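Enquirer: So you can see what is in the structure, the chains are spelled out below.
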Amino acid sequence: MIRLEDVTVRIGDVEALSAVSLDLDARTVAVVGDNGSGKSTLARLLAGLVPATSGSVCVLGLDPARDVAELRRRVAVVFSNPDAQIVMPTVAEDVAFSLRPRERRSRGIRSRGIRRGGRGDAGTAGLVAQTLDRFGLAALADRPSHDLSGGQKQLLALAGAFVRRPDLVIADEPTAFLDARNARIVAEHLLADTGHRLVLATHDLGLARRCDLAVLCARGRVEATGEAGEIVTRYRASLPW
Amino acid sequence: MVTLYLPGDGPLHRMPAGAKLVLLVAAVLGVSLLPTAPWSAAAAGGACVAGYLVAGFHGAHGLRELGRQSWTLRWVIVLVFGGLLIFLGPMPAALNTARVVAAVLLAMLLALTTRMTALLDALERGLLPLAVLRVDPARVALLLTIAISTVPVMIRIAHDVREAQLARGISRDIRAFAVPYLVMALKHADELGDALAARGVR
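Line order of the protein sequences matches chains A and B.
The first sequence begins at 535 in this note's numbering and counts up one residue at a time.
The second sequence begins at 5 in this note's numbering and counts up one residue at a time.
By construction, these hints were calculated from the structure, which means they are not laboratory data.
Fair warning: this is a prediction, and the values are worked out from it, not measured in the lab.
Mixed in with the good hints there might be a few duds.
Listed next, the stretches of chain B that the computed footprint assigns to chain A, with coverage defined by at least 3 CB atoms under 8 Å from CB atoms of chain A [what the hints assert, rightly or not]: (1) 87–96; (2) 101–108; (3) 179–189.
To be clear about the criterion: a stretch of chain A counts as covered by chain B if any three or more of its residues have a C-beta under 8 Å from a C-beta of chain B, and this derived list gives those stretches [unchecked claim]: (4) 586–599; (5) 671–680; (6) 762–769.
One-sided and incomplete, this derived list gives chain B residues near chain A with beta-carbon spacing under 7 Å [to be verified]: (7) Pro11; (8) Leu147; (9) His192; (10) Glu195.
Beta carbons: idealized from backbone N, C-alpha and C, even for Gly.
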């Protein structure tokens with residue numbers, strides 16, 4: 535699913551990832567480590583949001599630097615700050631926004647002309663309604679997105695990611711701003727086996743332990759990879775108390 | 005003001021966004037171009053009342069919604085009336101203010117009865133002729149949408165920064181406000197860019 539060979543990522547003068555090599559094939563993978571250890575950079579690298587300075591990256595058989603369109607189609611990303619992920623003014627519209635690139639492709643809309651035909655608004659509306667229902671947001675469909683609570687906003691961000699039925703979801707600290715109840719709800723949605731794979735960068739060690747595999751990052755390097763329980767125990771043992 | 009859409013099933017809700025945009029622009033222009041006279045102010049007010057009555061909002065009477073929207077404009081009304089009063093006198097100021105407010109309320113009907121996605125599509129189609137000038141209609145429409153939906157975030161950031169300043173005992177210091185505000189706004193722009201890219205917007 536994910537293969538990195540000797541990957542270095544330099545952001546400005548900082549080497550955020552140094553000579554990282556990984557070969558991961560599991561349904562759920564947690565990435566743990568201290569702040570600044572490279573977790574988020576690794577997640578962003580896999581999502582194609584930062585380029586590798588050197589080395590090779592392969593995600594679902596794709597090169598994030600070259601196969602951008604295909605990667606966007608198959609990979610969804612959830613960030614820690616839901617406010618930055620909300621684009622449209624109402625809940626239903628924001629979920630539908632994720633389908634715009636696909637809708638535009640199927641309708642043949644290009645910047646220089648519109649050709650009708652193909653998947654229509656009814657199909658999109660059905661998919662949006664189904665997704666809102668799945669994430670418990672159906673009753674809030676017409677509510678202003680930015681008026682939602684933090685937990686509801688993160689559920690909206692998840693709905694926006696899952697409505698595209700991605701093969702891989704990359705989540706970077708998705709529960710960081712949430713209370714225990716909402717963190718649990720978001721975690722259940724992420725970990726549910728609905729046909730997607732998950733890469734989860736998190737400080738929540740309880741959540742990381744529930745993944746199949748885990749990667750331990752430290753100072754921009756991968757310190758260990760293995761069964762999630764073992765890696766979390768090892769990381770916990772390295773903490774000062 | 006940022007998210008005005010109210011669900012409903014009246015003729016305005018059912019009308020295609022493009023046609024509604026043209027109709028409301030024509031109505032706003034008509035109201036704006038009328039001469040300053042009591043009958044024109046009455047006509048502008050009448051157009052407004054008729055528009056809100058036929059809108060067919062769910063769970064809200066048209067006239068009540070008209071009152072609510074007028075109340076949100078109270079400071080605009082005061083400013084416009086006050087400004088015109090100085091230069092034109094009470095009667096022309098009242099008549100002109102009535103027309104300006106009617107024009108704004110009619111324009112608000114578009115946002116009240118049209119989802120942003122429908123507006124985005126209509127805007128994109130409306131801008132298509134500009135493609136010959138190498139303007140990307142989709143990009144322009146998206147830019148406008150993002151600008152509108154970012155307003156509440158910027159307000160929240162300003163509020164957060166203000167609260168943090170007060171908590172540290174700083175009451176009025178422009179620089180102490182501007183620096184963290186700009187940093188947070190730029191950080192938000194960065195994150196929004198990533199989120200848009202992740203959602204397939206290039």
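Enquirer: Does the nearest C-beta of chain A fall within a distance shorter than 7 Å of the C-beta of B:Leu147?
Expert: violated (11 Å)
Enquirer: Can B:Pro11 be said to touch chain A, with a Cβ gap under 7 Å?
Expert: Cβ of B:Pro11 sits 5 Å from chain A, so the hint holds.
Enquirer: Confirm or reject the coverage of the region 101–108 of chain B by chain A under the rule of 3 or more residues with a beta carbon closer than 8 Å to the chain's beta carbons.
Expert: violated (count 0)
Enquirer: For the restraint on B:Glu195, tell me whether the closest CB of chain A is nearer than 7 Å.
Expert: Holds - the Cβ of B:Glu195 comes within 7 Å of chain A, reaching about 3 Å at its closest.
Enquirer: Just to make sure I understand the rule, a stretch counts as covered if three or more of its residues have a C-beta closer than 8 Å to a C-beta of the chain. Does the region 87–96 of chain B meet that for chain A?
Expert: violated (count 0)
Enquirer: Count the residues of the region 762–769 of chain A whose CB lies closer than 8 Å to any CB of chain B, then report whether that count reaches three.
Expert: violated (count 0)
Enquirer: Please count how many residues of the region 586–599 of chain A have a CB within 8 Å of a CB from chain B and say whether that reaches 3.
Expert: Per the Cβ count (0), the hint is violated.
Enquirer: How does the region 671–680 of chain A fare against chain B when you require at least three residues with a CB closer than 8 Å, holds or violated?
Expert: Since 4 is at least three, the answer is holds.
Enquirer: Can we keep the B:His192 interface hint, with Cβ of chain A closer than 7 Å?
Expert: holds (6 Å)
Enquirer: With a cut-off of 8 Å between beta carbons, are at least three residues of the region 179–189 of chain B near chain A?
Expert: Since 0 is below three, the answer is violated.
In this structure, the earlier hints numbered 1, 2, 3, 4, 6, 8 are contradicted, and the remaining ones agree with it.
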